[in-house]
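Enquirer: Okay, here's what each chain looks like letter by letter:
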Amino acid sequence: MADTTANNNLNAQMEPGLRPSLPPPTIETGAIGWVRHNLFSGWLNTLLTVFAIYILYLVIPPFVSWAFINATWTVPPLAAGAADHPPQFGDCRANAGACWIFVEARLPQFIYGFYPAPERWRVDIVFVILALSVVGLLSERFKFKRQLGIFFFTAFPVLAFWLLYGGLGLEVVETRLWGGFMLTLILSGIGIVFSLPLGVLLALGRRSELPVVHMLCVLLIEFVRGVPLLTILFMANVMLPFFLPPGVEFNVLLRVLLGVTIFAAAYMAEVVRGGLQALPKGQYEGAMAMGLGYWQMMRLIILPQALRIAIPGIVNNFISLAQDTTLVAIVGLYDFLNIVRAGSRDTNWLGTEIEGYAFCALVYWVFCFAMSRYSMHLERKLHTGHKKR
Amino acid sequence: MTAETQGSRSDITTAVPPWWRDERKRGLAAQILVGLILAGAIWFLIRNLLVNQERLGVPMSFRFLDGPAGFQLSFAAISVTLDSPISRILLVGALNTLLAAAITAVLATVLGVVIGIARLSNNWLISRLAGVYIEALRNTPLLLQLVFWYSSVVAALPAVKGSLNLFNVIFLNKKGLYVPDPVLQPGAGAVFVALVVAVAGSVVLRRWARKRQEATGQRFPVFAASVLLIIALPTIVSLILGNPIEWDVPVLGGFNFAGGLAFQPEVVALIVGLGLNSSAFIAEIIRGGILAISHGQTEASLALGLKPRWALRLVVIPQAQRIVIPPMVSQYLNVVKNSTLAGFIGYPDLFAVIGTSQNQTGRAVECIAIMMVFYLGVSLIISTVLNWYNKRVALVER
Numbered sequence: 336m337a338d339t340t341a342n343n344n345l346n347a348q349m350e351p352g353l354r355p356s357l358p359p360p361t362i363e364t365g366a367i368g369w370v371r372h373n374l375f376s377g378w379l380n381t382l383l384t385v386f387a388i389y390i391l392y393l394v395i396p397p398f399v400s401w402a403f404i405n406a407t408w409t410v411p412p413l414a415a416g417a418a419d420h421p422p423q424f425g426d427c428r429a430n431a432g433a434c435w436i437f438v439e440a441r442l443p444q445f446i447y448g449f450y451p452a453p454e455r456w457r458v459d460i461v462f463v464i465l466a467l468s469v470v471g472l473l474s475e476r477f478k479f480k481r482q483l484g485i486f487f488f489t490a491f492p493v494l495a496f497w498l499l500y501g502g503l504g505l506e507v508v509e510t511r512l513w514g515g516f517m518l519t520l521i522l523s524g525i526g527i528v529f530s531l532p533l534g535v536l537l538a539l540g541r542r543s544e545l546p547v548v549h550m551l552c553v554l555l556i557e558f559v560r561g562v563p564l565l566t567i568l569f570m571a572n573v574m575l576p577f578f579l580p581p582g583v584e585f586n587v588l589l590r591v592l593l594g595v596t597i598f599a600a601a602y603m604a605e606v607v608r609g610g611l612q613a614l615p616k617g618q619y620e621g622a623m624a625m626g627l628g629y630w631q632m633m634r635l636i637i638l639p640q641a642l643r644i645a646i647p648g649i650v651n652n653f654i655s656l657a658q659d660t661t662l663v664a665i666v667g668l669y670d671f672l673n674i675v676r677a678g679s680r681d682t683n684w685l686g687t688e689i690e691g692y693a694f695c696a697l698v699y700w701v702f703c704f705a706m707s708r709y710s711m712h713l714e715r716k717l718h719t720g721h722k723k724r
Numbered sequence: 492m493t494a495e496t497q498g499s500r501s502d503i504t505t506a507v508p509p510w511w512r513d514e515r516k517r518g519l520a521a522q523i524l525v526g527l528i529l530a531g532a533i534w535f536l537i538r539n540l541l542v543n544q545e546r547l548g549v550p551m552s553f554r555f556l557d558g559p560a561g562f563q564l565s566f567a568a569i570s571v572t573l574d575s576p577i578s579r580i581l582l583v584g585a586l587n588t589l590l591a592a593a594i595t596a597v598l599a600t601v602l603g604v605v606i607g608i609a610r611l612s613n614n615w616l617i618s619r620l621a622g623v624y625i626e627a628l629r630n631t632p633l634l635l636q637l638v639f640w641y642s643s644v645v646a647a648l649p650a651v652k653g654s655l656n657l658f659n660v661i662f663l664n665k666k667g668l669y670v671p672d673p674v675l676q677p678g679a680g681a682v683f684v685a686l687v688v689a690v691a692g693s694v695v696l697r698r699w700a701r702k703r704q705e706a707t708g709q710r711f712p713v714f715a716a717s718v719l720l721i722i723a724l725p726t727i728v729s730l731i732l733g734n735p736i737e738w739d740v741p742v743l744g745g746f747n748f749a750g751g752l753a754f755q756p757e758v759v760a761l762i763v764g765l766g767l768n769s770s771a772f773i774a775e776i777i778r779g780g781i782l783a784i785s786h787g788q789t790e791a792s793l794a795l796g797l798k799p800r801w802a803l804r805l806v807v808i809p810q811a812q813r814i815v816i817p818p819m820v821s822q823y824l825n826v827v828k829n830s831t832l833a834g835f836i837g838y839p840d841l842f843a844v845i846g847t848s849q850n851q852t853g854r855a856v857e858c859i860a861i862m863m864v865f866y867l868g869v870s871l872i873i874s875t876v877l878n879w880y881n882k883r884v885a886l887v888e889r
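As given, the protein sequences belong to chains A and B, one line each in that order. Throughout the first sequence, residue numbering follows the numbering used here, covering 336 to 724 in sequence. Throughout the second sequence, residue numbering follows the numbering used here, covering 492 to 889 in sequence.
Only chain B is shown next, with the shape it has when bound in the complex (with noise of 0.2 angstroms):
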């Protein structure tokens, strides 16, 4: 009996345990399987496309990107023809989207601050009005809204002859927008050279304002200084070399506005869209930076004898800010990709050319591609800049 019991035990402690109870033998071999698995469906995949391709007669190669495009845009921000190689087409329809979304960006950003801050506000018309239009814009699909803008609004405008008409150089109507268009004679590089020389100086104004504010706590007006600074200089060198920027102001002509900066439906129609769509959301990321800024904040700047405006200016905002900059970089990277909706409202924009030259071409392999880098290195190159300006307004922890 003893001996027993006693032979059991020694079992006990010698006996090695099976691989497969081994937690570090296990995940090694569930990784050597998941590779297995991996490398097989890769393997299937690419024969299949090399096999298909063979068939189809047509092995990959980018080779098709110097050949004539043959189709029109209706909207490039260069020059384009019918007979551009379709690299030059495909770098307009980037170049396309990459305006469409900056311009959508700034507007969404400033509408959104807006109206996320009316939602807050104290007056119960204002912040209803707020409401009513985030949940407008949040709750139908995006889609809907751009189709909606384009065919409904913009074919409600008025004709040409009875244009909408903004201090008469700014005219909107069926057929577009027209702006003035700069024109530049020689001498506008200096303009440009005391416009960047201004905004340099107004950083420099506000590093040195910081730095005696920290000093000798004297505040010094930098944000009146600097806009004065940006206005003036530019102005004052511009009248200096006798005007060298000469606004071309759209004339209404026979049948319609000659010169000026002309903007199709498409663009109008896809900027409102997109933006008043963006700006929904920022608001929605605004207020609720602000509100996850804990009220006893507020009320001991109010009780320190701030007024509400500048305690939401010098206590809360900054604080919001940090808050708000990671949704606010996943806002700016949907609407890189939310733009790809232009070609439902015929906005030629990098998709949408896409889809044309593969049409044409039938190089799907290759166009779906380009556009993976395209998108994949957007998305790469803002998140990369945003979370770097996000990593230096963070707080630094101990």
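Chain A extracted, bound-state conformation (with noise of 0.2 angstroms):
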């Protein structure tokens, strides 16, 4: 009581105008306010909110039921005089849910392919300098980015090549036999790898002025482009042997990575295309004025700037490309997808796709999720004009 009394005071002596602004009302601010303006703004918001709700429920607690709590995770112990054998679909029947089982018991060949177990550790070691050197390359702080450069794109290649397929001391393992995530990585990383400088080229190539250089890279980049990657795989498969003299032969896995390597190659040069024509011309002139020749102009001051802007199209292109190799399955070859999807097709895990395509997608998206969120940031670093927000 006596507190009213002297804000009454206090408001009476002030000027109008003058008086402390009172605190907003609790239902604009906080939660509720969130909530207010978020979902219930209005009729139709509200609408919308009612809808999206609905639409979770219908998803969320099936999923919820069927991945965690109904499902499998290990294997259970034997029944009373059944046979010993090998984990299986049956010994999932009990529960209604997921048989993660099947991930579990196929992991190392969903990793490895074919690859001979007691050699398994040289692919392990190749993944853990794959990992160390993606992560030193892509840190901010790292300081010996240079030498790792260096060695991530001239040595490691070759020490690769060595630890995978053997001979020097190690015993070879054939082509053939890679398979699954592994494979996976060795398309991708070679197809980005090489695509990336190809892709340069033809870029230069199709803005120069040489009237033969430009058509032939035109006429390279559109056809490419213009027909769908399994009919060029299908093509360095089936047709190559034909136009190679009699007795030549090229080893599937090779022909694979030339039809790959190509049509990312293709796409990569419109990105960089781009790039190169985002640059205003007082860039070029400038260089010229310099008396820099057409290769050091190109890589001392069109190509850093260029690339630079060419940044988002080049990740997504990688991120294509990583997904694109699932489609090598046309050849025969068996990446990650399709040797998950040859684990669900024995005779005793069938009933488990949905497992295989849950745990392959997860992985995928993980990936492709974190390349996408990566050159999101890239962009913003790098971002130096205006822009609204």
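Each hint should be verified, as a subset may be incorrect.
Derived DEER-like restraints, expressed as beta-carbon distance ranges [claimed, not checked]:
no. : chain 1 : residue 1 : chain 2 : residue 2 : range
1   : A       : Leu494    : B       : Leu524    : 32 to 40 angstroms
2   : B       : Ala593    : A       : Asn651    : 24 to 32 angstroms
3   : B       : Asn656    : A       : Ser400    : 52 to 60 angstroms
4   : A       : Phe486    : B       : Gln563    : 55 to 63 angstroms
For the chain A half of the interface with chain B, some residues (derived, Cβ under 8 angstroms), not all of them [claimed, not checked]:
no. : residue
5   : Arg371
6   : Pro563
7   : Ala696
Don't read these hints as lab results, they were simulated from the structure. Since this is a predicted model, take the numbers as computed values, not measurements. From the three backbone atoms N, C-alpha and C, an ideal C-beta is built for every residue, glycine too.
Take each chain as given, in its own frame, and dock them per the hints.
Expert: If you want it as structure tokens, here you go:
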């Protein structure tokens, strides 16, 4: 009571317009205000919110019960009198949910393909070096980036090939035994490493003033971009032998790599061309006025800026390349997706397709999402212009 | 000393630089070199091809197209039998590809626009849901999505007895999707003519309404009038002629539905998988287009007193349209190219059919040539048409 009178006195003494501002009404701030503004700001908005909640209700509870609550995570103990057997789909019959022991049992094959078990440490070493190098190259504080880059693009491929294929004291593992996640990484990695320089060359050729070079690059780029990847893989697999001298044969993995790289390079060329075109003409003129030759100008002035502009597109291309490697199944290679499919067709595991695909999707999603987030981060970091938000 | 200096000076002015210092000559030399290498490579490849074909006894010839195919297709847009020549089978494959791509493109556009706008919604929950949808579909391989839809979801559909049922005319079960099949009676042509007339009429109406608005400022409800016209005119004609188009509704028989138009699970899975995947990409294109319009445009139209909905429709979308067209063109091209994945789930598109034909006849070079010509041709046609449209709506800058 005394409080209110004090307040009233205070108000009475104040000139109009000099009163202390009141706190906003509780209904406009905090969680309640947020909900009111973002979910129930009008009848249409409320309707949409109810609709969204209904969709979530339809999807989430069944999914959680399938993937977690009713799922089989470990192989159940043998029933009395049952014959001992390797884990199989039958072990999951007791539960209505997902049969994760399929993924557990097949994980080594999903990762290494048909690579012989005693030699798998070699693949592990390559994975570890790869992971460490990528982390080093991408982190902002690492000091020896230049040396690491040189190692990564020159020595590492040789080392990785020696470790994976063998020879020189290691047992040879034929490429037809390669498969699973390892094969997907190899295909995407080699595709990424080779398609970028090739794409830059094609883009430069397309912008060249020499008519023969220009026409050649335009033809190649437009042809490759006009046909589906599958037809290029098919061509590399079926038609290439016709164009080689009798007796000369290419390894199937090499043929596929050739197809994937050329395909990715054509798309890369268009992204790089976009970057080249976005540079103001003054950069070219300035470089020429300095007396730089064509290659000096490109190497020192133009490409560093053009590639920086093109980064989002380049990373998007990397993501589609990684996803497109699933198509090598058409020539009978067992990449990550294909080996998961093959695994769920095993008579012991019939009925585990959804589990296999879910696992596969999760792995692809983590990699691709990470790549796209990193590209967005780079874009923001390198962004020097002015833009809303 | 002076003589020496003078001599060297005249040397500089008269000396002709060696030819490799001249940019033009160097360029010419480089081109001749590239041309020679190219010609040599082509000669080498062609010679190998001829030698190999001679050796295998399959000289280049397209006569195999007349031979009987000897294999059946699970889905055909036009009738085809075991004895049909390979050329007809290839035609069916091409039609199947175009059919799937066309349906997918329409579905993906509608869905993509809705989801792209939902992603920008003020409603936090809706925009998050759209975001999850887009990120999930864009970051997993298309092939994975297709095989997932095919073997998991289609397999999880109910059996024939417990079919999902829409108004007792459309049914969905393990064996596919059943919809009513139009049966044409004499006089059906008139209904189609009425439909065409109605569409043409609404185009004319739109032009007239625009002219009137420019002249007098009065608006005319074109959209409602067109919809009314397009629905009413064919209906009236149909009623006058005594319903010349009958609908053959699927009916549950002993083991399966009889009558109606049946789409096998492969077709359904392909269209759903491809359509959802493309819709995620289209949604991102739409979102990018709308965001690219400067915020000042929206603010100015709100300041003029337009409601947010009208600001979007009259100010933002017409401008976003121009930005969106080029990426949409390449997305439609992607739909056609991605339809080659149909073979993985057993839908006989051109690529799958050619693969089988090549396997049976051994005519690799000819088959691949046909395939390349088809896909390049379709890409060229689509991009020409849409580039023409793009040029028409593009801003004319002075």
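Enquirer: Each hint should be assessed against the structure and marked as holding or not.
Expert: Here is how each hint holds up against the structure:
1. Leu494(A) with Leu524(B): 32 to 40 angstroms: About 36 angstroms separates the Cβ atoms of leucine 494(A) and leucine 524(B), which means 32 to 40 angstroms holds.
2. Ala593(B) with Asn651(A): 24 to 32 angstroms: Cβ of alanine 593(B) to Cβ of asparagine 651(A): about 26 angstroms, so the range 24 to 32 angstroms holds.
3. Asn656(B) with Ser400(A): 52 to 60 angstroms: violated (26 angstroms)
4. Phe486(A) with Gln563(B): 55 to 63 angstroms: Roughly 56 angstroms apart at Cβ, these two residues keep to the hinted range, so it holds.
5. Arg371: violated (11 angstroms)
6. Pro563: holds (4 angstroms)
7. Ala696: At 5 angstroms from the nearest chain B Cβ, alanine 696(A) passes the 8 angstroms test, so the hint holds.
Violated hints for the displayed structure, listed by number in ascending order: 3, 5.
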